[in-house]
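Each protein sequence line maps, in turn, to chains E and B. Heads up, the first sequence is in the numbering used here, so the first residue is 1 and it goes up one at a time. Heads up, the second sequence is in the numbering used here, so the first residue is 1 and it goes up one at a time.
One thing to keep in mind: the hints can contain errors.
Derived contacts from chain E toward chain B, CB cut-off under 10 Å, selection only [what the hints assert, rightly or not]:
hint, residue
1, Gln30
2, Ala32
3, Ala38
In case anyone wonders, no lab produced these hints; they're calculated from the structure. Glycine included, every Cβ here is placed at the ideal spot set by N, Cα and C.
The primary structure of each chain is shown beneath.
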Amino acid sequence: MRYLRHAVTVLGLTVLTTAAVYAGISAFGQTAAGTRLAEENAVQTCPRTGCTSVGCHATDGGSAGYRSDGMSRTQASRSRI
Amino acid sequence: MRRTTRLLLDIGLLVGFLVAWTPSVTGVTFHEWLSVGIATGALVHLVVNWEWTARTARRLFEKARLEPKVNLVVDALLFLATITVMLSGMMISQSVASSFGLTVVADAIWRLAHSASAVLTAGLLALHTALHARWFAAAYRDLVLPSLKEVTG
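Given only the sequences and the hints, what does the whole structure look like? Please build it.
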């Protein structure tokens with residue numbers, strides 16, 4: 001019974017904190033500073049393996065990050081050939 | 001909860017986090033599902049230790065020993081960092097989100113939040129473990145050593 005009461009408290013605190021963090025990061029992402037910071041620090045990630053090293057996925061000089069259409073940049077460069 | 005169970009849970013969480021730290025080795029799918037397990041375990045860890053947390057929080061501004069207060073501040077920051085790393089991980093998820101029928105658009109700000117909060121969580125977790133080193137040592141001495149002696153005769 002004691003653990004159940006604690007679990008309800010912890011879950012409530014977790015939900016509230018998650019909502020606050022979501023709102024904070026979303027709001028920061030909307031600002032010019034947030035957008036610039038995100039672009040400067042964007043990690044190019046292979047959509048298949050999650051690898052962040054450019055060399056392990058992009059062999060044609062492109063990178064492995066997502067484009068807005070969901071196609072990886074490597075796929076996009078191949079489709080242009 | 002028995003001290004043996006708590007020790008196993010804590011060691012499991014620590015090892016789990018170290019494994020989750022290397023998604024390029026384990027693969028993203030395993031990394032994501034392991035992180036769901038870690039988040040669940042972390043919540044259980046918090047529930048089990050909630051009495052200490054509430055008691056220390058009530059005494060935060062009273063004249064008392066400094067050590068529990070430092071522990072509480074580190075724990076609160078670790079809670080915040082863990083929530084950030086889990087939430088941002090879900091926002092860029094490739095496997096877990098789709099299993100729940102959710103479609104995520106991996107935004108650069110969430111990727112940045114995920115990598116930054118992962119580093120922060122690792123640092124705070126190391127500090128949290130160091131601050132509880134005496135508890136780990138006592139639990140090891142009381143629970144693990146006698147079992148080893150029994151096995152080796």
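Structure-based check of all given hints:
1. Gln30: Result: holds, 9 Å to nearest chain B Cβ.
2. Ala32: Check failed: Cβ of E/Ala32 comes no nearer than 12 Å to chain B, outside 10 Å.
3. Ala38: holds, 4 Å
Checked against the numbered hints given earlier, this structure breaks only hint 2.
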